[in-house]
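A.B. asks: Protein sequence lines correspond, in order, to chains A and B.
Sequential numbering from 639 applies to the first sequence in our numbering.
Sequential numbering from 22 applies to the second sequence in our numbering.
Rather than coming from a laboratory, the hints here were simulated on the basis of the structure.
Keep in mind that a hint or two might mislead.
Claimed, not checked - Straight-line alpha carbon distances no greater than 27 Å define the calculated DSS-like cross-link-like pairs of lysine-lysine that follow:
#	chain 1	residue 1	chain 2	residue 2
1	B	K24	A	K744
2	A	K659	B	K453
3	B	K453	A	K724
4	A	K766	B	K445
5	A	K772	B	K453
6	A	K926	B	K453
7	A	K766	B	K24
8	B	K445	A	K724
Said to hold, decoys possible - With the C-beta cut set under 8 Å, the calculated list includes, among others, these residues of chain B facing chain A:
#	residue
9	N23
10	K24
11	M57
12	I58
13	S230
14	K445
Bear in mind that the values here come from a model prediction, so they are computed numbers and not experimental data.
Each residue gets a CB set at the ideal place from its N, CA and C atoms; glycine is no exception.
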Amino acid sequence: MQFIQIQEVTKAYANHLALNKVSLSVPKQTIYGLLGPNGAGKTSLIRIINQITAPDSGQVFIDGELLHAKHIAHIGYLPEERGLYKKMKVGEQALYLAQLKGVDKKVAEKRLKLWFERFEIMGWWNRKVEELSKGMQQKIQFVVTVIHEPKLLIFDEPFSGFDPINVNILKEEILRLRQEGATIIFSTHNMSSVEELCDNIALINNGNKILEGSVRDIRQQYRTNTFEVHLSNVSSFFDEALPNGFHLISKTASGSDEMNVLIQCDPHVKANDLLSFLLPFGQIVSYKELLPSMHDIFIQQIESQNIKISI
Amino acid sequence: MNKTLLILQREYLTRVKKPSFIIMTFLGPLLMAMLMIVPVFLATLSDSGIKKVAVLDETDWFTGKFENDENYIYTYVNENLDSLKAKVLKGDYNTLVYIPEPELNIPVNAMLFNAKQASLSLKSSIRNTIKTEVENRKLLSSGIDPEVIKSSKTNINIQTIKLENDGKESKSYTEVDVALGLITSILIYFFIFMFGALVMRGVIEEKTSRIIEVMVSSVRPFQLMMGKITGIALVGLTQFLLWVLLTLGIYSIFALIFGPEAVSQLPVGNNMMGQSLDSGQIANNAQINEIFEVIHSINFGVIIFSFLIYFIGGYLLYAALFAAIGSAVDNEADTQQFMLPVSIPLILGIILSNFIVNNPDGSVAFWLSMIPLTSPVIMMVRIPFGVPYWEIALSMALLIMGFIFTTWLAAKIYRTGILMYGKKVNYKELWKWIRYQ
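I would like the entire structure built from these sequences, with the hints used as guidance.
C.D. replies: Shown next as structure tokens:
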């Protein structure tokens with residue numbers, strides 16, 4: 639079941655093409671990573687979904703319906719550039735922004751109290767935003783983004799400005815929101831969080847989609863058939879004796895009889911053959927395939943397009 | 022609840038609750054009242070204590086010419102100057118007037134000796150006495166009787182009467198019309214600038230604090246802009262209303278304490294009478310009648326109604342432009358290049374209003390009161406003199422069309438501008454934004 643369907647969306651600004659016939663589909667109740675270097679067109683796409691701007695051509699469907707003004711109430715958006723009214727009190731402001739999303743004042747107040755208690759920030763209710771630290775403001779902004787219990791959440795770099803402890807709290811909250819039924823679009827440069835959180839991703843560059851799919855499939859697709867083996871009690875040397883189809887990439891000895899080896903296999907050979915070959919040489923402590931990280935795939939894909947990137 | 026209404030409510034409440042708003046609201050009328058009351062109050066204070074003035078007249082021209090009044094008692098003395106000075110220092114006299122023997126037969130010099138600083142009023146009254154006497158003597162020596170001159174001085178009283186279509190004749194008071202026209206147009210001018218700037222700053226604040234992207238993901242930019250403009254309009258109206266009420270309140274308290282006579286001495290009271298009263302004079306029956314006649318001659322219905330329309334219409338027209346300017350820049354320092362062309366029509370209007378009062382029915386006055394950019398200021402100058410209703414109606418209709426147009430234009434700039442950062446915007450760029458779909 640696709641929650642968001644983007645069909646051939648094109649958006650041109652005065653002197654450049656921000657989006658060129660981009661099509662995406664985001665399955666319901668998943669976390670979808672929107673990746674790409676700066677200026678790739680991610681923000682343009684996000685703004686189109688948020689109905690801040692309209693596409694020149696193409697369509698966006700939410701839950702099977704053509705994007706419409708009423709959907710605004712079902713979308714929660716955390717922009718990359720955070721902002722709140724500095725002179726306004728925290729509680730008052732959160733209530734105001736919730737009401738603008740169409741939540742009744744009393745309901746908003748009840749929900750806000752729950753969130754404030756969960757984040758242990760109840761004491762900030764009557765303080766002005768400008769009195770809070772940047773991290774504190776980020777928390778408020780997060781609460782404001784989810785307060786109307788949107789079906790679609792769009793987070794643009796949600797972890798920037800948070801300390802590691804708060805990043806973990808936020809990750810848990812994001813996973814919990816998905817658990818509760820929300821579909822989440824997640825735009826970031828932080829690839830480790832993509833691997834950790836995202837179910838699917840799309841890679842956009844220069845207004846074009848260059849890659850889309852589930853994180854697992856993509857990593858499989860870009861696998862290099864490289865295996866990492868850790869051996870102990872190594873009895874003898876074996877590199878010359880590697881069978882056909884296996885190539886030693888590196889070998890590092892650690893301690894007197896421990897060894898770490900990277901071996902690449904040709905596509906047609908079976909990984910188990912390598913294991914059985916290695917068994918006599920020592921005790922195998924670990925044996926795993928090295929899948930490329932999203933970070934590597936990202937850089938490789940962008941660079942292969944000969945684009946200068948600045949992450 | 023309607024989103025525009027929610028925005029309006031926030032814009033209104035946050036501003037009205039600000040300490041600066043509350044201070045301005047109470048301080049404004051208080052300062053105004055001070056300006057009017059303090060001089061009167063001081064005048065009543067200075068009445069206390071009669072001052073003794075010694076006159077040492079070496080010319081003998083002025084014997085008996087200095088007349089005692091409620092403040093000063095003149096004593097003619099013939100003593101040594103130094104001993105008189107000593108007496109002034111001792112406090113026997115407050116002031117010594119010394120008119121020395123003239124060099125060329127005509128006394129033109131006098132000296133005032135005081136223990137403290139001499140008062141201006143005393144100085145000018147002594148100067149007048151000496152001047153009159155010297156002039157009289159000069160006239161006499163040329164064979165002219167000063168009495169002839171005196172009796173030839175005449176006060177001319179011109180009554181202006183307005184003829185109306187239905188054959189009615191009503192007394193009109195040009196000075197009052199001028200004052201009313203200028204005051205109302207200046208009020209509109211200040212209101213537009215003060216609160217238009219507030220709109221602009223509000224937009225810039227939303228842009229620099231980056232709340233704007235959150236806002237436009239919840240509401241349409243047009244709703245945000247209109248909520249802000251109308252919210253601030255209500256702030257302005259609230260402040261204006263409170264000023265009127267507070268000023269009236271202070272006035273009536275003042276009247277209760279000092280009595281109606283003091284009120285008639287207030288500078289504003291004098292202006293209303295078209296400077297026909299001297300500030301020291303006490304209102305008598307004839308003058309009270311005149312005040313009533315003046316008030317009667319003013320068409321308050323038309324003036325108040327048009328004031329409100331031009332007040333609000335002019336504000337809306339300019340506030341939309343100010344909002345567009347705010348959206349196009351990143352900080353207040355960059356607003357200058359756009360502020361100038363927007364403010365020129367208003368400033369021109371206020372400068373020209375001084376000429377318009379001399380010729381309120383001329384063609385310049387007519388056209389400027391039709392162009393929506395200047396009509397709020399210029400039409401208010403003209404209305405107290407009487408303007409045909411069709412002109413007022415046409416001008417108001419044009420004003421409404423004008424503000425619909427500027428709002429439409431501003432909305433186009435605003436919606437692109439608020440999301441644009443770090444770009445030096447020029448007119449070419451603005452034109453491009455207007456043409457965006």
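A.B. asks: Please go over all the hints and tell whether each is borne out by the structure.
C.D. replies: Consistency of the hints with the structure:
With a C-alpha separation of about 16 Å, the suggested pairing of K24 (chain B) with K744 (chain A) holds against the 27 Å cut-off. With a C-alpha separation of about 24 Å, the suggested pair K659 (chain A) and K453 (chain B) falls inside the 27 Å cut-off, and the hint holds. A hinted pair counts as satisfied when its Cα atoms are at most 27 Å apart, and K453 (chain B) with K724 (chain A) does not qualify at roughly 32 Å. At most 27 Å may separate the alpha-carbon atoms for a hinted pair to count; K766 (chain A) and K445 (chain B) exceed this at roughly 32 Å.
With a C-alpha separation of about 36 Å, the suggested pair K772 (chain A) and K453 (chain B) falls outside the 27 Å cut-off, and the hint is violated. Restraint check: the Cα-Cα separation between K926 (chain A) and K453 (chain B) comes to about 58 Å, which exceeds 27 Å; the hinted pair is violated. Distance restraint check for K766 (chain A) and K24 (chain B): the Cα-Cα separation of roughly 23 Å lies within the 27 Å cut-off, and the hinted pair is therefore satisfied. With a C-alpha separation of about 25 Å, the suggested pair K445 (chain B) and K724 (chain A) falls inside the 27 Å cut-off, and the hint holds.
Interface hint at N23 (chain B): violated, since its Cβ lies 11 Å from the closest Cβ of chain A, which is beyond the 8 Å cut-off. Below 8 Å, beta-carbon pairs count as interface contacts, and K24 (chain B) has one with chain A at about 6 Å; its hint therefore holds. For M57 (chain B), the suggested interface contact is broken, since its CB lies about 36 Å from the closest CB of chain A, more than 8 Å. Hint on I58 (chain B) is violated. Least Cβ distance to chain A is approximately 36 Å, over the 8 Å limit.
Taking 8 Å as the C-beta cut-off, the interface hint given for S230 (chain B) holds, the closest approach to chain A being about 5 Å. Taking 8 Å as the C-beta cut-off, the interface hint given for K445 (chain B) is violated, the closest approach to chain A being about 15 Å.
Violation of the numbered hints given earlier is confined to hints 3, 4, 5, 6, 9, 11, 12, 14; the remaining hints are satisfied by the structure.
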